[in-house]
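Next come the chains, spelled out residue by residue.
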Amino acid sequence: MSAGELLLSAHALAVERGKRRVLSDVSVELLAGEALVVVGPNAAGKSTLVRALAGLLEPAAGEVRLCGRLLADWPRDARARVLALATSEEEGPDALRVAERVALGRYPHRGPFQALRASDHAAVARALEATGIAALAERRLGTLSAGERQLATLARGLAQEPRVLLLDEPAAHLDIGHQLQLFRTLDDVRRRGVGVLAVVHDLARAAQWAERMLLVAGGRIAAEGPPAAVLASEAASRAFGVRIRGHAVPSLPHPHYSFEESP
Amino acid sequence: MTNRSARLRIAALAGALALALLLATAWGSVALPFNGILGALLAKLGLASDPSTLGATGETILFTVRLPRVLLAALVGGGLAVVGAVLQAIFRNPLADAGLLGVGAGAALGAVLAVHLGLASTVFFALPLAAFAGALSAVLGVYFIAGASGRASLHGLLLTGIAVSALAGALTSMLLVATEEFRVKTVLFWLAGGLDGRGWTHVQAAAAFVLSGVALLVLLGRPIDVLSLGEDEAASLGLPVRATRLSLLGLAALVAGASTAVAGSLPFVGLMAPHALRPFVGPLSRRLLPAAFLGGATLVVLADLGARTLSPRFELPLGALTACVGAPYFLLALRANEGRG
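These protein sequence lines are chains W and S, in that order.
Counting from 1, one number per residue, gives the positions in the first sequence under this note's numbering.
Counting from 264, one number per residue, gives the positions in the second sequence under this note's numbering.
Only chain W is shown next, with the shape it has when bound in the complex (with noise of 0.2 Å):
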């Protein structure tokens, strides 16, 4: 796959839930190999803009092609080959294991009746060994800390091995150990051409890690472009509610970010 190919598209796209409009007009474009960080304020619309482009929520208006066809017109388990989704409501059964969980993503690539093979197990242990949780592997899922079961939701994301991943809040309950280690493997993860999207809630780790970020508001799009940008807008700030600036720091890759409640 060639670095740039555009993945995923949506094209002036609108949800509804229920009857209320929760989201309006959004065009966003995901690149093989992005870092693209979505933020927002609370009930923006961020968690609808992951799912609907996901296939999860049909759109009430404009549309979202995967890879130029539309999300739609994909067969579902071929769908789940190109497109994997992590969010950090998921949770499986107490009972279930670490490694029986991850396996579970490999469901697009065999459906229901075939057995996996040695390719489905090299997966498996690839996404657990990316992900830093292989020594957790039979471990059941009841016995672990929420940082650790997000975790291994996105395993389970990366054995499904696809070239678009779409993530809600992938580092909720990490610690700042895990946080970078999640975002590092993310790294990993685009580098081999995957096209990432992520809402991320810590703006000034949004601004980080990724290469664009999007800001949403009141269901819309206030903002896009390179991190330092965005959050040096107005929009931002008016988004948020609070004054946000950047402090160059020389020894360090990425501006410092402080904020302020607006008076």
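Don't read these hints as lab results, they were simulated from the structure.
Below, simulated DMTMM-like cross-link-like pairs (lysine to aspartate or glutamate); rule was C-alpha separation at most 25 Å, straight line: (1) Lys307(S) to Glu322(S); (2) Lys448(S) to Asp459(S); (3) Lys19(W) to Glu63(W); (4) Lys19(W) to Glu58(W); (5) Lys19(W) to Glu494(S); (6) Lys19(W) to Asp495(S).
On a predicted model such as this, the values are computed, not experimentally measured, just so you know.
Using the hints, position chain S against chain W.
Using the frame of chain W, we list chain S on its own:
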């Protein structure tokens, strides 16, 4: 869990069931000797030519009373346990049971209707058929009422199940009051759950639905596992969530409905067997469902043996017996569940 140790455990469960079947066939108001039973069975299957040592009376008891009853207990127990395991996976709740979908209440309404109209005593097999129809109607009703507001959410299904069960229970009470007294006893015995007087027709009817339903559910093990991860994750893995859930609920209703139709209501069987076995074979359906079938079958075979033999004067209602064991088990499981969450 390695495949090998899980297989060994399932083999051990199969051994336990075989032992329970043999014990339950041998014990009763008239005891039959083990070697006599085996000899008669082998002769029946054409594997031995010697006349059995049971005698004519013994053979009659074995083939027309004991054997159908014991096999029916195994089918019903196994079926209910598999349904419990499937519903627990779909509803992502280790304490889910067929009763949640209205199976028991619907079956009771159907049975009482058949008795009230006098069909139960005049038309062959009318009571089980009516109970079966009642159970299926209740589940269908629950599914479509819950789904009428758009997509059937699990939460909506559970609450609708409670409401439909309550309505069916109310109609059952009203019908019972309006039913002639001499008929009420028939239905009370059925409602209490039991296998007294069941014969080969019941075994054949139950086997047709239970065995084929269980086989299909085991075959659909991996979709069940994917669904147990939650709707969003299942959909993102390419599973057609609504169609899969509807097929699984349909199969579960057929199996639970057929079991309840021939045996009445047997509370907690669908809850206890999978719950107790999950720690030993894991929650993946390809292993848990066969294990639950064997465990549930063993449980009900032994419970029915108890129902026949615990009291020298009369037979205990089997459903009351499973409830006496199951209710405390349920409460303990509930406490363990809450303590952890």
